[in-house]
Structures are given as C-alpha cells and as structure tokens.
Amino acid sequence: MNDDINQKNTKLVRKLLLIAVAMFGFGYALVPLYDVLCDITGLNGKVEGSAVKEVVYPIDKNREITVEFITSLNESAPMEFRAETKKLKIHPGEYYTVNFYAENKTDKVMIAQAIPSISPGLAAEYFKKTECFCFTEQTFKAREGKMMPVRFVVNPELPSQYKTITLAYTFFDKTKTQ
Amino acid sequence: MSAVIAEHDDHHEHDDHAHGPEKGILRWIITTNHKDIGTLYLFFALAMFFVGGIMAMIIRAELFEPGMQFVQPQFFNSMTTMHALVMVFGAVMPAFVGLANWMIPMMIGAPDMALPRMNNMSFWVLVAGVLMLASTLFMEGGAPAGGWTLYPPLVLQTGKALPFAIFSVHLLGISSIMGAINIIATIFNMRAPGMTLMKMPLFVWTWLITAFLLIAVMPVFAGAVTMLLTDRFFGTSFFDAAGGGDPVLYQHIFWFFGHPEVYIMILPTFGVASTIIPVFARKPLFGYSSMVYATASIAFLSFIVWAHHMFTVGMPVAGELYFMYATMLIAIPTGVKVFNWTATMWKGAMTFETPMLFSIAFVVLFTIGGFTGLMMSIAPSDFQYHDTYFIVAHFHYTLVPASVFILMAAGYYWLPKWTGHMYNEKIGQLHFWLSTVSVNILFFPQHFLGLAGMPRRIPDYAVQFADWNMISSIGGFIFGASQLLFLYIVIDTIRGGTGEKVSDEVWEDAHKHGLEWTLPSPPPYHSFTTPPTIIPTEHI
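In the order they appear, the protein sequences are chains A and B.
Anchor point for the first sequence: position 7 equals 7 in my numbering, and the numbering is continuous, going up by one each time.
Anchor point for the second sequence: position 76 equals 76 in my numbering, and the numbering is continuous, going up by one each time.
Mixed in with the good hints there might be a few duds.
[Unchecked claim] List of simulated lysine-lysine pairs, DSS-like, C-alpha gap at most 27 angstroms:
1. Lys-283(B) to Lys-176(A)
2. Lys-53(A) to Lys-129(A)
3. Lys-108(A) to Lys-129(A)
4. Lys-283(B) to Lys-512(B)
5. Lys-53(A) to Lys-89(A)
6. Lys-129(A) to Lys-61(A)
7. Lys-61(A) to Lys-174(A)
8. Lys-501(B) to Lys-15(A)
9. Lys-283(B) to Lys-160(B)
10. Lys-160(B) to Lys-174(A)
11. Lys-501(B) to Lys-426(B)
12. Lys-128(A) to Lys-174(A)
13. Lys-105(A) to Lys-174(A)
14. Lys-8(A) to Lys-512(B)
15. Lys-199(B) to Lys-11(A)
Calculated directly from the structure, the hints in this document are not laboratory data.
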C-alpha cells in the first residue's frame, strides 16, 4: 500500500471516528431534547414539578369531568398508600381538594418521593395543582402515617373530547439513595 | 453490476510483498489478512449460531407443553434474552462482517482491507465481548432476563450480571464500529481503477450503507446502556421516575438504535441475494441502480420510524399517525427490491443449486415477514399484536428464513471459491428442504398464537395455546437438527468435499458477475497485488 492511500485512510478514519463520537453525544442529547419535546407538547403525562399560583377561572357548571385517582408503590416500597377519594365528578374551573394517606411500615425513618402521571397525556397541561405532596420529598418517622392533601383545578379550556382524567401517583422509597 | 472483466493480470504471488500465512495457531491470532479474519468471523458466527440455537431449543422444549417442564422461569427469561443477544451480536452481524472481509476486497479488486491491523483488533474485541456476555450465565442472579431490549426498570433488577452485560455491549459496539470504519475505508480508498461506485457489486453497496448505519447507531446504543449503568450504580436518574427521569425515554433511545439495527442485519442480506440470484438466473440483475437507491432509502427511513415499536406507550394520535405512515413508506423501497429479484428470475435460464434454492426461499419467506410488518405498522392493529407471538413470528420470518437463509446461501455459493472444493450438492439440497419446511412449521403457527393473544417472553401459557406450541416446537427441533447438516457440509468441503476440482469461476459464467470469480479457487493469500482491469459494458 502506498503512502497516498495511507494518508487518505487516516483522514477518513478520523472523520468516521468523529461521527461515532458525535453520535454517542447525540444519544445523550436526546435526553434534554425529549424533555423539551414533552414540555412543549405536554405529552407523556408529564406535569409541572412545582405548585402553580391559584388563579380564578370561570367555572363551567355545564360540564362534568370525572377525575380518577390511582396510587401505587414502586418495587413494593414498604408503605401503605391510598387515595381517600377514588373518583370525583368535577366542574372545570373549580378548585377541589382530595386527601391521600401514606404510612411508613418500617421502624426506621423513610424518605419517599411521589411521582405523578396524568393520562391522557395531552390533558396534563390543563390539570393544575396548587398544592401537592409530590412537589417535595416526604420524610416519614418510623411507623408514621400522614394525610396529605392535593389541591387542583382543571382549566376550563380543556378540549371537549376529554371526559375522564386519571391522576396516578407512585411512591418511590428513596431512603437508600440519600 | 454493469462491469465485466476484460482480463485478469497475473496476480499470482511473485513479488517480494507476497508471503504465505504464519505457521501454526499464531496465524489465526495475529493475522491481518482479510481472508483469515473473514474465516475467523465466519467460524465464530457459526459457533455462536449453534450456541444461540441451543438456547432456542431450551425455549422450545419448555414451551412444548403448557406448565413448567425443564427450567425455572427466571432462567427461561434469561434464555430468551441471551438467545436474541447471541444471535444478533454473535451470529448474524459477525457472519456478515466475515463475508465483507472475505468478499469486499476481492469484489472491488483490492489486495486487502484498508486497515488490516484494526481488522484483527475488531475481531478479537468481538470475541472478548461475546465471552463476557456468555459469562453472565454463570453469575449470581443469572444472566440478563429482561429481554434483549434491556428495558428499565426491569433490567435494573438484574443481579451481578448487569455491568458485565453492559460492558459487553460496549465491546460489541466498539468492534462493530471498527469493522464498519474499515469497510468504508476499503470501499472508498481501495477500489481498483475503473471500479466506480455505480459499478460495485450490490453486496459492496449494501455493506457500505450498513457500515454508515453502524457508525451512526451503535454509539447511541452504547450511550443508552451507559445511562442504565449510571442509573444503577452512580445515582443518576435518566430512566428513574423517582429522580425525575422517564423509563419511556430509554425506549426512544433504544429504538433509535434498534430500528436501524434490524436493517444492519437485513441490508447485507439483500446484497447477497442480489449477487446470487442473477448468477443462477443467468441474467444481469434487474434494476441495479434502483436497488442502490432502494437500499439508501431504506437506510434513511430506518432513522425516522423508531416509535412504531412503542405504539402502546401512550403517544398522541398525531405521533401514532406519523410513525404509522412513515413505517408504511418502507414497503415501497422494499417492494422495489422484491420485484427486482422476481424480474431478474423472470424468463431466466434458472438452475436450482443450493445457493439459489436458499435465495428463492428468502425472497418468498422474507416477503411474508414484510407483510406481517405492514400489518403491524397500522397503529390501531398493533395494539393487538404488541408483545405477542405475532411479533415473534414477524421478526423471525425476517431474520431466519431471510438473513440466516441468505447466510447459508452465501456459504454454499462461495465455499467452493474459498476452499477450492465442491460441497456435496445432495446433502446441501437435503439441508435446504429440511430447513425450509421446518422453519415454516416452526414460525408460521406463531402467527396464530399471537393473534389469539399469547404473550411473548413467557415460560408457561394457557392451555388453549397448547397445540400450535407443540407443532412450533416440533418444527424448531427439526430445524435445529437440520443445521448440523450445514456444519457437516462446511467441514466436509474444507476437507475436500466431493473431490471434484472446481474451476476459477465455479458457477457457469460467474466471472460476468463478480471479480472474485476471476481469481483461482482457492484464491491466493493476497488477492489482487496488481489491480485488475475493469472495462465498462452496456450489459452483461
């Protein structure tokens, strides 16, 4: 093989390696891109991670929406977790408060985080929470049980095809990762 | 291809550069010769084909009857996971890299691959990667059992094996990328004078495009599994909802790799089929340039359809529609290819030697796999098919009687060239008929099982699925056993085969279809030390 080809090869290999490295980076770039896309479109049931200010909406008394509440535990976290209300008929624009009960079943202090998810995903951006135990980590003393309120409103601009919204919470035991 | 070889210059070993292989075992360890490395790849792939095959036999044995028979559920799940990983990364991909190593330099008139030492390294890194993957079988907590897609959070529950599985994916990725870079460099820089891009055999074209796919997506997969690794051991939360991550994100990243990955396994298949069919139809390939453009279109489309693997994760209707239509588009270039192969055979003076039989079976059976793919592209229907045996039947039809059959065809087609001996045609045809009949007994009933609702990746099932599972298992055992014939034929051919001395072109008029047939059988250790002369012609 002559030097000319060797040189051409070296150049090409450099370029191709660069592509490979760039694509490795692209894999990581997909993470923020994905979040941005979810934020913009409100897909995937991602909801705001912090409380929104309580604003007054016109209440639409003619429209009734069913809101369902689901609770679950991740990797069988040693807790009891339930919604005091399973289902609620609401009017868009009106504020409601529902209670959730969570209890630490261990004899040790537990730190847990609840993650909300709303379906259908596209309804998520119309579901506003002014108060939620999911905004921060919750610390439970040994065997402690807590009643925790969630205050929410459904924006009356919610498109008419949505008749039922399901709010699901999963509690994650984060004690070990602290 | 529209090139014919005017003459082949004296390419026998005569200059000081030409030397034979090293003696003994060291030849295979330190070799930088493209033929030696190709042979290593092919043997390694064949070995892994049997390892993955044994895993498949365990799966089919357990599913022979409802209830738990032979293995624990956890081990069963390890088998489905490892079977897929071994077959994809250990058998099919390395087999095509082996063919590329052997054939590309000979097809484009080059003396060797462009980067021979990197070539050696990419093979041994592959071996290291697969050995590391296999070692997980013996670890505490068992081998990965969450499916080959390694979805979190399930895969994060893997025991001690998880970091080993992840590092083995890294090694396999590095090996594939090095192989791909080598192939691109060879094709771009080592072609004989006159071998323009549009004169290259389609096998070379499909590999060029495949190599670019590999470089584009293997690093993305490496990134995804690295995120799994840091999620499990270093407290990151890419896919952990508790820390603000999202497991669905993994699916998006994985399938951004995964969909091109399935084409990495099928594009070289198309290339080999396009090489073999014209020879035995005794006609030039119909629509050469449309084949090239179709391959490129399929490669491009593979990047923009990934979410059709995830129709059920809760995408909005607009997303479902986009991925549905984009997926359906793939049928067009694929259809072009199927029609071109059919048109190549149309009114050809066909003969039915084993390589051609496997190629014809490929065209027919791959098309069945393609049609079920079209069914699944319809988002509302896919909700029924998702994660059922219908999916299993679909991708096995596109992999076994397609990629694997074409690899067999390639073996029969080029073995006489590689070894200088003729394989036993009778046993070859027996192997073909047994394989073709049994592969359909094996996979066709899985369509029915899937439509009836049998989920994939389960060791036990409802009694209603018993009959078709038993038939499928019987097909599986026959198919598995038939492959031993192929092993026998390969060994027999290397040791002399039928004893018949094969000519340089082996197949009638094969020299019109590729430069490799102008070389002696077996070809000299260094193929084209002086470049061959290529003159263009209107038609062959």
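Going through the earlier hints one by one, which of them does the structure break, listed in rising order?
Result: hints 1, 3, 7, 8, 9, 14 break, sorted rising.
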